[in-house]
Amino acid sequence: MPRINTSRIVLNKVSPPRLPKTLERARLFSALDDARGRPIIWITAPAGMGKTTLAASYLKIRKLNTLWFQIDEGDADPATLFQYLGVAATTIGGRKKSALPNLTPEYLPSLSTFARRFFEILYGRLKSQGILVLDNFQELPIDAPTQELLVLAGEILPPKMNLMIVSRKDPPPAFAKLLANQSIALINAESLLLTSIETVAICRLHNPSVRPTTLKTQAQHIHERTRGWIAGTILLLESEKQNPGSSQETGQPPDVVFNYLAKEVFETFSEEIQHVLLKTAFFPSLTTEMAETITGLQQASTLLNKLYQSRYFVERHHSPSQFYRYHPLFQAFLQNLAHERLSKVTLQALLNKTAQLLESAGQPEEAMKLWQSNGDNQNCIKLALSQAPLLASQGRFQVLQQWIENLPAERLETEPWLIYWMGVCRFPFSPHDAKRHFIQAHADFRTLQNLQGQLAAYCGVVQVITNLWQDLSELDPWLEQVSHLQPMFDQLPQELQANLASTLVQALIWRRPQDPTIDLWIDRILHNLEHLPASFQLGLLFLNLTSFFC
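The sequence shown runs 0 to 549 under numbering that gives the first Met the number 0.
Heads up, none of these hints are tricks.
Subject to a maximum C-alpha distance of 35 Å in a straight line, what follows is the list of computed DSBU-like cross-link-like pairs (lysine-lysine):
#: 1; residue 1: K215; residue 2: K240
#: 2; residue 1: K159; residue 2: K96
#: 3; residue 1: K59; residue 2: K305
Derived by calculation from the structure, the hints in this document are not laboratory data.
Based on the provided sequences and hints, a complete structural model is requested.
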C-alpha cells in the first residue's frame, strides 16, 4: 500500500528558498533587528514583494537558529499541522532527534493542553535566539482551528525567541489580542517596496557590466514603472535583456504588469524551455527526475537550473535532495497558459501523469488535488482507500473525510469501503453519525458477500455502541452473531483478527460478563497485540479488563 513519504514532504515544507545573489537590504535588516524585541514578527505584503526572500536572507546573514515551515491549506487540520511540525522538529540542529507526538484521538478533548506542551518541546529544541518561521500563512483559512493554536504558539514563546510569520494578508482576527498588547511587530508592504537606490542596486546585480550612467537611467525608468515592486522590477530587467530599451517604454500599471510581462518573457524562451514550463506547471515542487519524466527530456534539469540562475521565478532548494519550486504568480500564469494552449485531452493526460508522479513520490495530498481538479473520481477513490489506514492512524480524520466528501454522492453509495471510512472519520466527533455509516457499510458488504469489509464494519458498530455507553441492549443482535464469527476467525488478516477480538471482549464484558467465550477472545487478543490498529483501542481494552478482573 502506498504511504505518505513523510520525510520528503517535511523536507519540502521546512526548506527556505535557496537564494542566488540577493540584495542585502540593510534598512530592512535593521527593522527586523528592532522587531525581534517583540515575540512575533509579521511580514505582510502582496505576492512578488520579496517577503520570503527578505526573511530567508535575513536569517542567513544573522545566522539564527531557525525552523522554516511552509504553511499550506492542509495545515488547517490540527493533526496534519502537528504531524509535519513534529517530524520537522527532528531536523533542528542538524542532529536526528525523536519526533514529537501526533495528535491522536485521545488528545482531542484537551487540544490546547496538547498544543502548549508540543510547542514547549519544539521551542526547547530551537534554544535561545531561535526563530520559528511560518511562510505562506495566507494559505491557512481564517476559520481554521489551527489559527487559535498558532496564537497560543505566539503567547508562550520563551524570551529571546521569535515567531516570524510571512503572509500576503494582515493578521487575522484570531491575533487581535496579540496586536492589542503590542506582541506583534509588523513589517508591511510599504516598507518592502524598493527605494530608488535599492532599484539601482538590483539593476547592478543583474547587469554588472552596464555603464554606471546607463544603469542609473535604466533603474530610474524601471522604478517609475514598478513603483518598487520587486517582481515587476525583475521582470522588466529580464525583458530588457531580450529587448533593449523596453524598460523605458510606458506600459501597463503595476497591478497587471506581471501578466503582461510574463507572456512577453515566456514567448522569448526556446520551444524546449516553453515545453518544460508548461509540462511542469502543476507540480507544487518538483525534482529533476519528475521534470525529466513528465517532459521526456533528459536536459530538463539543465533547463530548470538555467531558469533558476536567470531568476525567472524559479526557486531551487536542497534538503538534501534538490528540487525546484515556481514563484506562485508565475506558476499561476503557466497553469492558465496550459489551459489555453493544450487540448482538453492533452491537458487531462498531463494532470493525470503529474498526479501519478506526485503519488509515487509520496505526496498523495498533492496528487488528490490534481485528480479532483481533473474530475478523475476513480483515481480519487483509489487514492483515498489506499491512504485511509495511514491517515486514520495519524489522527488526520478531517483530511480523509474531506477527500470522501468531495466525491459525488452516487459514487459514495456504490463503494462500501468509502462509507466505512467515513464512519471511521466521524467516530471521534459524532459517534451516532459514525454508527449510521458503519451499519450501512455492513449491509452493503453483506450484499456483496465481502467478509473482510463486513467484519470491519461490524467492529465499527459494536465499538460505537460500547463507547457511547447509552443503551447496551443495542449490542444484543450483534453479539448473537459471535458464534458464527469463530469458525472464520483464522481466515482473517491479523490486523482484522486483533480488531475483532478486542471489540468482542469489550462488548461481552459489559453486556455478557458470564459469557464462556470471553477467555477464548482474550487469548486471541494476546496472540495479536502487535496488530491492534490503534493505541487508544488497547487503552480502552486495558480499562475494561481491569474493571472485569479487579
